[in-house]
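J.: In the order they appear, the protein sequences are chains A and B. Number 530 marks the last residue of the first sequence (the numbering used here); no jumps. Number 718 marks the last residue of the second sequence (the numbering used here); no jumps.
What the hints contain is simulated information worked out from the structure, not anything from laboratory work. A few of these clues could be false.
Unchecked claim - Dumping the calculated DSS-like pairs for lysine-lysine here, alpha-carbon to alpha-carbon at most 30 Å: (1) A/K424 / A/K388; (2) A/K284 / B/K642; (3) A/K257 / B/K387; (4) A/K474 / B/K650; (5) A/K286 / B/K495; (6) A/K478 / B/K647; (7) A/K284 / A/K252; (8) A/K252 / B/K520; (9) A/K249 / A/K438; (10) A/K215 / B/K642; (11) B/K642 / A/K192; (12) A/K284 / B/K650; (13) B/K314 / A/K215; (14) B/K643 / A/K474; (15) B/K675 / A/K249; (16) B/K632 / A/K284; (17) B/K663 / A/K291; (18) B/K642 / A/K478; (19) A/K474 / B/K591; (20) B/K331 / A/K256; (21) B/K581 / B/K558; (22) A/K295 / A/K385; (23) B/K331 / B/K347; (24) B/K550 / B/K126; (25) A/K350 / A/K381; (26) B/K632 / A/K249; (27) A/K291 / B/K650; (28) B/K675 / A/K295; (29) B/K675 / A/K256; (30) A/K388 / A/K305; (31) A/K299 / A/K256; (32) A/K252 / B/K569; (33) B/K673 / A/K257; (34) B/K565 / B/K666; (35) A/K284 / B/K242; (36) B/K575 / A/K133; (37) A/K286 / B/K602; (38) A/K478 / B/K126; (39) A/K133 / B/K591.
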Amino acid sequence: MLDASDTIIACSTPPGRGALSVIRLSGESSIKIAEKLLGRALNKKVNLVKLPLWDGYKEKCVLTIFNSPNSYTGENLIEISCHGNPLIVRKIIDKFLQSRVRMANPGEFTLRSYMANKMSLEESEAVIQVINANSDSALIAAQNTLNGGLRKKIKNIQKKLRETRVVVETLIDFTDEDADVYLGDVKEKIEFFKEEYKKFGKLMESSKSISDDIRVVLAGPPNVGKSTLINALTNENVSIVSEIPGTTRDVVKSSYIAEGIRFVLEDTAGLRKSSDKIEEKGIKLAKKAIKSADIVIYLGLTKKDFEDMPILKGKPCIKVLNKMDLKGYKDSKGFTRISAKTGKNLSLLKSLIVSSFLNFDLSEVVAVNARHLSFVKQGSKAINAISPSLISSNLELVAENLKECDALLGNIYDPISADDLLGKIFNTFCIGK
Amino acid sequence: MGVDIIVIGGGHAGCEAAYASARLKKKTLLITHDVSTIGQMSCNPAIGGLGKSHLVREIDAMGGLMANCADEAGIHFKVLNASKGPAVRATRSQSDRKLYSKSVRNIINSEHLLSTLSDEVIDIDLQGLSAVGVILKSGKKINARKIILTAGTFLNGRLFTGEEEEEGGRKKDKTSKFLAKSLQSLELGDSRLKTGTPPRILASSVNWEVLEKQSGDSPRPCMSFINSNKIHPEQMDCFITRTNIKTHEIIKSGLDRSPMFSGRIDGVGPRYCPSIEDKIHRFSDKPSHQIFLEPEGLNSDEIYPNGISTSMPKDIQEKMVKSILGFEKAKITQYGYAVEYDFFDPRNLYPTLETKKIKNLYFAGQINGTTGYEEAAAQGMVAGVNASLSIDDKEPWIESRSNSYIGVLVDDLITLGTKEPYRMFTSRAEHRLLLREDNADQRLTPYAKSIGLVDEKRWKIFQKKMEKVETETKALKELKINPAIFGGKKTEQQSILSVLKRPEATLEKIYKIIERPMPDKGVTIEIETSKKYEGYIERQKKEIKKIKKYENAKIPKNIIFKEIKGLSNEAKQKLTKVLPKTIAHAQRIPGITPATISLLLVHLKKEETPSSRKVGS
Ligand SMILES: Nc1nc2c(ncn2[C@@H]2O[C@H](COP(=O)(O)OP(=O)(O)OP(=O)(O)O)[C@@H](O)[C@H]2O)c(=O)[nH]1
Ligand SMILES: [Mg+2]
Chain A
98 MLDASDTIIA CSTPPGRGAL SVIRLSGESS IKIAEKLLGR ALNKKVNLVK LPLWDGYKEK
158 CVLTIFNSPN SYTGENLIEI SCHGNPLIVR KIIDKFLQSR VRMANPGEFT LRSYMANKMS
218 LEESEAVIQV INANSDSALI AAQNTLNGGL RKKIKNIQKK LRETRVVVET LIDFTDEDAD
278 VYLGDVKEKI EFFKEEYKKF GKLMESSKSI SDDIRVVLAG PPNVGKSTLI NALTNENVSI
338 VSEIPGTTRD VVKSSYIAEG IRFVLEDTAG LRKSSDKIEE KGIKLAKKAI KSADIVIYLG
398 LTKKDFEDMP ILKGKPCIKV LNKMDLKGYK DSKGFTRISA KTGKNLSLLK SLIVSSFLNF
458 DLSEVVAVNA RHLSFVKQGS KAINAISPSL ISSNLELVAE NLKECDALLG NIYDPISADD
518 LLGKIFNTFC IGK
Chain B
102 MGVDIIVIGG GHAGCEAAYA SARLKKKTLL ITHDVSTIGQ MSCNPAIGGL GKSHLVREID
162 AMGGLMANCA DEAGIHFKVL NASKGPAVRA TRSQSDRKLY SKSVRNIINS EHLLSTLSDE
222 VIDIDLQGLS AVGVILKSGK KINARKIILT AGTFLNGRLF TGEEEEEGGR KKDKTSKFLA
282 KSLQSLELGD SRLKTGTPPR ILASSVNWEV LEKQSGDSPR PCMSFINSNK IHPEQMDCFI
342 TRTNIKTHEI IKSGLDRSPM FSGRIDGVGP RYCPSIEDKI HRFSDKPSHQ IFLEPEGLNS
402 DEIYPNGIST SMPKDIQEKM VKSILGFEKA KITQYGYAVE YDFFDPRNLY PTLETKKIKN
462 LYFAGQINGT TGYEEAAAQG MVAGVNASLS IDDKEPWIES RSNSYIGVLV DDLITLGTKE
522 PYRMFTSRAE HRLLLREDNA DQRLTPYAKS IGLVDEKRWK IFQKKMEKVE TETKALKELK
582 INPAIFGGKK TEQQSILSVL KRPEATLEKI YKIIERPMPD KGVTIEIETS KKYEGYIERQ
642 KKEIKKIKKY ENAKIPKNII FKEIKGLSNE AKQKLTKVLP KTIAHAQRIP GITPATISLL
702 LVHLKKEETP SSRKVGS
């Protein structure tokens, strides 16, 4: 369980050998504990100490002292820099564990920082995303969030939402008080807000995919060259290629980075009616992958291969005709022509994949995680439930939907009180008899 | 000589408090400057309105007197927001001033355990940090087990009209200077607020022909659950006029002599009910402001022009009034004035309204920083009931925010305090949909019955309503109609209950179509709303359940917030100031973050596990 009064320790650099490792010790008594263990005072900001670890071996470490509240966690904190050897790191940590110090839980340093009001919730989440980022854009996004970018975006949409709420609440609570607001204003404001929220929701969704990875699923009939394509695009031989239709059964994954974004490609079984039990299972897996894909590359050889594909409905999809090197190859409008075997037009395909995602400025992108996105989506549900007839008959329910959306967004960082809202009303409208 | 409960003050808070404690069988004494002023409406002669009528109905559901008096004295009734849903509909009534106070006095005087006394209380008699009685001006002491102070605007009241300034809590009434002084020495956190009134106008001097008329509703609604509109006296109309550019210029020309702008009044006024000089100053581009002309009574020749409260000098008031349409020849019968008065920081009160510092001393009404008769009366009810329950050693009456506006009111006051006169609005209640004017009886009457606060008559009426709701709901579930009558394609017949979910469908229309006799409005609204709000109510109930968990997480009385590790200094200060009793309460303190709450929870968990290792063995 989380206990804020304990002193905690953990190695903050990745495990393994290297020039340096940094161990963090945090807690109210961290400095006292270290002083006792070392038998000397740590009164300078940076202290060079010799720490006896084994008989005859003393490790030279640098102890940097951060006094509360000016540290990452807001508590007294020491950073111990030692040689980057796992044995040494473990021995040092062991020493402290014997002196009223316990191992930190994952993320506990950041948790404490959040507890000390040094960081807001979404900022501490971004720390984790900074650490886990596996592409440039994910890192930029995480950093933007860490610098308050996500909160700014949410506050911005909440500001618009509250302008709408102010009008609705004024119409409810000050109906007999000459406030100069009318039902027509509400209808207009809500229509406007719905549009704004749609845009906001889209940005959040694209931001989420950037922070994660983008899942690109290769699909199409058997033997059209899907496996050849995944090998070519990722420059790795991960999927079996053969002239026998129905070769691929499992979903085979491989990835590459373009424009700072990591794309995870998934090769799937060719789609057809099959009596082979195993192939049938593979096709099921393929369909599942298509459904959850961020984008589908549908591969075929002729236009006919693209007829009657209900599964692709509503999915971002790039239609590709393969084997353009073959004689008798027929071109068709609206298709991208490639040869997976010769590599022709593959860079064009790559840039098509990127541009189908990057229709916004990268510096604008913030790190959005699943928790955030689920609030944004629930909010969208609440907003879309407001119909014109609801506005006419039950304005109090409209208010309820708006409030719900506001609260959902607030869950991402912090809530609004009724008093703030009333304050807005008084500043906006001249109210009172 | 001694009584169970002394109530100081005969305004709306004092009367509800005294009436409630007497009904709970406590020997009660109400002391006020002049018993003939009991139940006076010192501001405008109206009761109800958004958020306020909700309070009135809750007081009524608890067996209080305000709704009944408003019915007996009501000369104009209107349901506001009639075109919106039931949760935000609110009844507003105009009262005949004389009839209203007469009705209050009748009820007060007929309660045999309740007596009244004209006198001035100059001090609270203390034994250590417990109140044991009051000291009158003559030096005489009266003992009591509980004291409820409802001094309104009388504590150090000062009245302002232009450059003139005098002592008083209300025109023609004395102020309580001595009591104010002795209370100050108790250091309960007093500061100043202000409120204002408009000039009153001679009705016969108004040119009514040119004014817009507003008639009351028909059928006429009632304030009380147990009244029929047959008890209403004769009805009157209200009228509407507006200020104009000329009015505004006249006011601007006198601003330098206004006590508000010359800085002689320090008290903070309400933002939602500003003086006319405030309005034209803050919203300078608005060319005109509405004035609602309220009759003062059936036989009164005075008009209350609601909307031009002012403390401008008399000559400016004259000119300003005459510049308004219909007022060209108006005669002012009493000039408008501002009142500045002491109030005490309500964060120093428990949810029972007992002061944290002085045991057995309760504060209710305007001295807690509220404005409005309804807010005052609600607090009077809370203090009166809790003082009585405490004498009987019974569990206190603490309303939750999700069960009543009374709960919202008290919780807002004791948790947030207030910087301006606090008024109720429906938007203050986060569970607004559950707190309807028409279901206050369902929310409160069963509790009131359980502590002996309501009589058989009210209980029977309530039970009958609930039985009817049940049988009628069953019947409507069986009966079927075609939903197409409310638009859309013709489909199969559906149960009336499910058809009700459509925004356009109302029971009134349906009863007409199926030619079934319509039950009482209270019954149909309940059935209709429980269907229309279904999904919303489910969600709110879920939220409430979550809150309940924290509501049940009690914070021990002896906790020392300063010693909890990890809390920021700011959080420590705020928690120490409010002394929240539950985690849910702590959560509502402004500036207390979720992180602080987690730390508190961790701390409580640790305290909870008995440190058995230290004890024994
Ligand atoms: N000429 C030519 N042959 C190709 C091209 N791409 C793939 N092939 C050949 O087509 C055959 C099928 O290739 P795969 O990549 O295994 O096809 P697949 O779509 O993965 O097939 P399944 O896994 O059975 O669904 C192999 O013999 C490939 O060498 C191309 O661009 N040009
Ligand atoms: Mg394959």
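J.: The structure should be examined with respect to each hint, and the outcome stated for every one.
T.: Evaluated hints:
no.	hint	in the structure
1	A/K424 / A/K388	violated (34 Å)
2	A/K284 / B/K642	holds (29 Å)
3	A/K257 / B/K387	holds (24 Å)
4	A/K474 / B/K650	holds (27 Å)
5	A/K286 / B/K495	violated (51 Å)
6	A/K478 / B/K647	holds (22 Å)
7	A/K284 / A/K252	holds (23 Å)
8	A/K252 / B/K520	holds (26 Å)
9	A/K249 / A/K438	violated (48 Å)
10	A/K215 / B/K642	violated (34 Å)
11	B/K642 / A/K192	violated (52 Å)
12	A/K284 / B/K650	violated (38 Å)
13	B/K314 / A/K215	violated (60 Å)
14	B/K643 / A/K474	holds (20 Å)
15	B/K675 / A/K249	holds (27 Å)
16	B/K632 / A/K284	holds (25 Å)
17	B/K663 / A/K291	violated (47 Å)
18	B/K642 / A/K478	holds (19 Å)
19	A/K474 / B/K591	violated (34 Å)
20	B/K331 / A/K256	violated (49 Å)
21	B/K581 / B/K558	violated (36 Å)
22	A/K295 / A/K385	holds (27 Å)
23	B/K331 / B/K347	violated (45 Å)
24	B/K550 / B/K126	holds (14 Å)
25	A/K350 / A/K381	holds (16 Å)
26	B/K632 / A/K249	violated (39 Å)
27	A/K291 / B/K650	violated (35 Å)
28	B/K675 / A/K295	violated (40 Å)
29	B/K675 / A/K256	holds (28 Å)
30	A/K388 / A/K305	holds (18 Å)
31	A/K299 / A/K256	holds (18 Å)
32	A/K252 / B/K569	violated (49 Å)
33	B/K673 / A/K257	violated (34 Å)
34	B/K565 / B/K666	violated (56 Å)
35	A/K284 / B/K242	violated (64 Å)
36	B/K575 / A/K133	violated (77 Å)
37	A/K286 / B/K602	holds (25 Å)
38	A/K478 / B/K126	violated (54 Å)
39	A/K133 / B/K591	violated (85 Å)
Figure legend: structure checked against the earlier numbered hints; hints not met, in rising order: 1, 5, 9, 10, 11, 12, 13, 17, 19, 20, 21, 23, 26, 27, 28, 32, 33, 34, 35, 36, 38, 39.
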